[in-house]
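Q: From first to last, the protein sequence lines stand for chains B and P.
Residue numbers for the first sequence follow the working numbering, beginning at 26 and rising by one.
Residue numbers for the second sequence follow the working numbering, beginning at 26 and rising by one.
Keep in mind that the hints were calculated from the coordinates and are not lab data.
Any given hint could be a false lead.
Estimated spans, in silico, between C-beta atoms of each pair [claimed, not checked]:
| hint | chain 1 | residue 1 | chain 2 | residue 2 | range |
| --- | --- | --- | --- | --- | --- |
| 1 | P | S229 | B | E364 | 51 to 59 angstroms |
| 2 | B | G160 | P | R227 | 22 to 30 angstroms |
| 3 | P | R227 | B | S244 | 31 to 39 angstroms |
| 4 | P | E132 | B | T230 | 31 to 39 angstroms |
| 5 | P | S229 | B | R344 | 41 to 49 angstroms |
| 6 | B | G160 | P | L87 | 20 to 28 angstroms |
| 7 | P | Q110 | B | S244 | 17 to 25 angstroms |
| 8 | B | E247 | P | L155 | 21 to 29 angstroms |
| 9 | P | R362 | B | T230 | 33 to 41 angstroms |
| 10 | P | E92 | B | V173 | 54 to 62 angstroms |
Partial list, computed: chain P residues near chain B (C-beta under 7 angstroms) [as the list claims (entries may be wrong)]:
| hint | residue |
| --- | --- |
| 11 | G104 |
| 12 | L191 |
| 13 | P261 |
Heads up, the beta-carbon is just placed ideally off N, CA and C, and yes, glycines get one too.
Number of protein chains: 2
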Amino acid sequence: MARIVRSRESITIAVDAMGGDHAPAVVVAAVAEASLRGGVGQGVNFLLVGDEIAMTEALFELDHNSERIQLFHAPTVIGMGERAQVALEARADASIVQACALVQAGEADALVSAGHPGAAVLAATRHFGLVPGLGRAALASVYPTPRVRGEAEDPFSLILDVGASLRAKPDELLGFGLMGSAYARIVSRNERPRVALLSNSRESTMGTPEVVRAHELLSRHEAINFYGNIEGHEIPRGLADVVVCEGFVGDVAIKILEGVSEAAFDLARSAYHERVAWRMGLKLLSGGLQKIKQLTDFEAYGGAPLLGLEKVVILCHPRSGRRAVGNALRLAIKNVRAELPVAIAEALDTGTSQG
Amino acid sequence: MARIVRSRESITIAVDAMGGDHAPAVVVAAVAEASLRGGVGQGVNFLLVGDEIAMTEALFELDHNSERIQLFHAPTVIGMGERAQVALEARADASIVQACALVQAGEADALVSAGHPGAAVLAATRHFGLVPGLGRAALASVYPTPRVRGEAEDPFSLILDVGASLRAKPDELLGFGLMGSAYARIVSRNERPRVALLSNSRESTMGTPEVVRAHELLSRHEAINFYGNIEGHEIPRGLADVVVCEGFVGDVAIKILEGVSEAAFDLARSAYHERVAWRMGLKLLSGGLQKIKQLTDFEAYGGAPLLGLEKVVILCHPRSGRRAVGNALRLAIKNVRAELPVAIAEALDTGTSQG
Numbered sequence: 026m027a028r029i030v031r032s033r034e035s036i037t038i039a040v041d042a043m044g045g046d047h048a049p050a051v052v053v054a055a056v057a058e059a060s061l062r063g064g065v066g067q068g069v070n071f072l073l074v075g076d077e078i079a080m081t082e083a084l085f086e087l088d089h090n091s092e093r094i095q096l097f098h099a100p101t102v103i104g105m106g107e108r109a110q111v112a113l114e115a116r117a118d119a120s121i122v123q124a125c126a127l128v129q130a131g132e133a134d135a136l137v138s139a140g141h142p143g144a145a146v147l148a149a150t151r152h153f154g155l156v157p158g159l160g161r162a163a164l165a166s167v168y169p170t171p172r173v174r175g176e177a178e179d180p181f182s183l184i185l186d187v188g189a190s191l192r193a194k195p196d197e198l199l200g201f202g203l204m205g206s207a208y209a210r211i212v213s214r215n216e217r218p219r220v221a222l223l224s225n226s227r228e229s230t231m232g233t234p235e236v237v238r239a240h241e242l243l244s245r246h247e248a249i250n251f252y253g254n255i256e257g258h259e260i261p262r263g264l265a266d267v268v269v270c271e272g273f274v275g276d277v278a279i280k281i282l283e284g285v286s287e288a289a290f291d292l293a294r295s296a297y298h299e300r301v302a303w304r305m306g307l308k309l310l311s312g313g314l315q316k317i318k319q320l321t322d323f324e325a326y327g328g329a330p331l332l333g334l335e336k337v338v339i340l341c342h343p344r345s346g347r348r349a350v351g352n353a354l355r356l357a358i359k360n361v362r363a364e365l366p367v368a369i370a371e372a373l374d375t376g377t378s379q380g
Numbered sequence: 026m027a028r029i030v031r032s033r034e035s036i037t038i039a040v041d042a043m044g045g046d047h048a049p050a051v052v053v054a055a056v057a058e059a060s061l062r063g064g065v066g067q068g069v070n071f072l073l074v075g076d077e078i079a080m081t082e083a084l085f086e087l088d089h090n091s092e093r094i095q096l097f098h099a100p101t102v103i104g105m106g107e108r109a110q111v112a113l114e115a116r117a118d119a120s121i122v123q124a125c126a127l128v129q130a131g132e133a134d135a136l137v138s139a140g141h142p143g144a145a146v147l148a149a150t151r152h153f154g155l156v157p158g159l160g161r162a163a164l165a166s167v168y169p170t171p172r173v174r175g176e177a178e179d180p181f182s183l184i185l186d187v188g189a190s191l192r193a194k195p196d197e198l199l200g201f202g203l204m205g206s207a208y209a210r211i212v213s214r215n216e217r218p219r220v221a222l223l224s225n226s227r228e229s230t231m232g233t234p235e236v237v238r239a240h241e242l243l244s245r246h247e248a249i250n251f252y253g254n255i256e257g258h259e260i261p262r263g264l265a266d267v268v269v270c271e272g273f274v275g276d277v278a279i280k281i282l283e284g285v286s287e288a289a290f291d292l293a294r295s296a297y298h299e300r301v302a303w304r305m306g307l308k309l310l311s312g313g314l315q316k317i318k319q320l321t322d323f324e325a326y327g328g329a330p331l332l333g334l335e336k337v338v339i340l341c342h343p344r345s346g347r348r349a350v351g352n353a354l355r356l357a358i359k360n361v362r363a364e365l366p367v368a369i370a371e372a373l374d375t376g377t378s379q380g
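The following block holds chain B by itself, in its conformation from the complex (with noise of 0.2 angstroms):
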């Protein structure tokens, strides 16, 4: 391996080059393409961790600033069908593992992983200490809706958890609230992020008694800018900006929200095909169908930040693809610059002393 130089103003970044369906080939794309970016790149340097032949094939065909761009060789890989913990356990040498241990010893200031989600969540609470006061880290996923929010202007509300962990206590509950809320601020430059409580009733008193007792500490802390319950149709609209859920229910609700854009983006090429009418009007409405696009639309930002640890983490669908993993890649930049997990740890800790 090449020692990895870091000067104290730059940023490292640290990528499993070999996690995602179209590993490594598009994540060595964008990480290539983001070591040309004047801007978002200046100062940023990239380690992409992997198989390292392969790497080097694929950069090799790719313009690239070779001076922001270090490989580090990991042999093997975990596959998406394989369970993550029986996988983590029997390879060390994997490149999700390997990332993390640079990020870990300080080598990079974060991860970015398209690959085996369960696998890159256990593998990043396994090398990174939780933000102190806090139970449980979060994934938290953005997804796109009709209103705009915060100074960014940013389409998009927060949802989490999405999959960190399935079920999740009333103070675990809280804690999403707060670090959605800090991200929101952060992020978004929200400065009152609305928090909503996704449950099966607007009624506070409605729900499993998580979910209860969740309002009424959602309610009564001053860091919280609460909105009360939302119900499942409310996510779409956008009503909230931070929307809090355990992480069985927030798995199958953003899926949810990405099939049934999948559905009707396929039906809607059948509809291409099929008829020339519908065609012309495919064409003439495209600037329309964009804006219905625009609501369903993951690739357009591409990264979930996991919450929570010391470390910024940024999770990549699976089926990422550059544009995607570029969008990934700046998110994890902008959190480093940001020092996400200090501003995650304050805002837990007003948690405390006002809880």
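Chain P: place on chain B using the hints.
A: Frame of chain B, contents of chain P only:
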């Protein structure tokens, strides 16, 4: 109250006339229309339960067959904003309670309500017994998919529970699978319906402990054609004929499907007004859009069966229009004719002997 006359051959549907956002107008209109119908309406009587003056006034304006409609006065109604349990205990004279009592007394064969869903579920489960061998009733919702199934070529999948309760134990999830199967066999005439378990992974060992155990029970049950676990994005594709999940998750899932539809069509409507080219495009595309709309249109079928009780109960979305209530009436008649509670008891009996 007028004496209710019943013949052995006829079917009587008790309808909560006061339930729903547009009650009693749309409910009475749907019943009036159904009373005139030749085929389906033959031998079918309706018992409208609610404010007698309001119902009489509404009927007065409408063509209807007065021999097929009887009114039963119930002076109060449970409003949408009320807490179900409290309201039910306070008002035994509410339309939903009276409608349940009439079914329980054998004056009607089925209940249809577009009122407060929580109150309707609670009133029904208090009045009607559970089918023997069943731990819990389940509210089933059909949702449209691109795939058709069964002899009836239903473009619908069934998902249950969507909110009769919150959590579910493994054997209750198995019960949902057996009931859903029986329903798909009878209503969609789908001989071997594919039953799937909603989880956060296709992997049988993933998910909550309840889901992991339910996977085992469903997979080894001979009366169930088990497809395995599915994830949220597979719901809109309609891969499974019956999707099994706990009520809290099901409620969120079905409302997201509904919400995405609304958000997308709001955007299409605004596109229509925004540009002439878009308006022309929408016109040319109308057939194609219709296809997309079918994917997400909840008015098209309008009734959710509450399964596992000894009586036929169909709940409508409170926002239902006349068409949706009319479809729910048709569904109630169909389920009474098919003796659905008996069929479900038989399916569960198979369950006990083989499980």
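Q: Should the hint that P:G104 touches chain B count as held when the rule is a Cβ pair under 7 angstroms?
A: violated (13 angstroms)
Q: Next item in the hint list is P:P261. Is there a CB on chain B closer than 7 angstroms to its CB?
A: Holds, because the Cβ-Cβ distance from P:P261 to chain B comes to roughly 4 angstroms (cut-off 7 angstroms).
Q: Okay, P:S229 versus B:R344 on CB: inside 41 to 49 angstroms?
A: violated (23 angstroms)
Q: Do the Cβ positions of B:G160 and P:L87 conform to the proposed distance bound of 20 to 28 angstroms?
A: violated (59 angstroms)
Q: Within 33 to 41 angstroms: is that where the Cβ-Cβ distance between P:R362 and B:T230 falls?
A: Holds, at about 40 angstroms.
Q: Starting from the hint 17 to 25 angstroms, judge whether the C-beta atoms of P:Q110 and B:S244 obey it.
A: Holds: the Cβ-Cβ distance is about 22 angstroms, inside 17 to 25 angstroms.
Q: Verify the CB-CB distance for P:E132 and B:T230 against the hinted window 31 to 39 angstroms.
A: holds (34 angstroms)
Q: Hint check: is the beta carbon of P:L191 less than 7 angstroms from a beta carbon of chain B?
A: This interface hint holds because 5 angstroms falls under the 7 angstroms limit.
Q: Does the hinted range 22 to 30 angstroms hold for B:G160 and P:R227 at CB?
A: Check passed, 29 angstroms falls within 22 to 30 angstroms.
Q: Mind checking the hinted window 54 to 62 angstroms against the Cβ distance between P:E92 and B:V173?
A: Because 58 angstroms falls inside the window, the suggested range holds.
Q: Look at the Cβ atoms of P:S229 and B:E364 and judge whether their distance stays inside 51 to 59 angstroms.
A: Cβ of P:S229 to Cβ of B:E364: about 41 angstroms, so the range 51 to 59 angstroms is violated.
Q: Could you check the hint for me, namely that P:R227 and B:S244 are 31 to 39 angstroms apart, CB to CB?
A: Once the Cβ atoms are compared, 37 angstroms apart, the range 31 to 39 angstroms for B:S244 and P:R227 holds.
Of the numbered hints given earlier, the model fails hints 1, 5, 6, 8, 11; all others are met.
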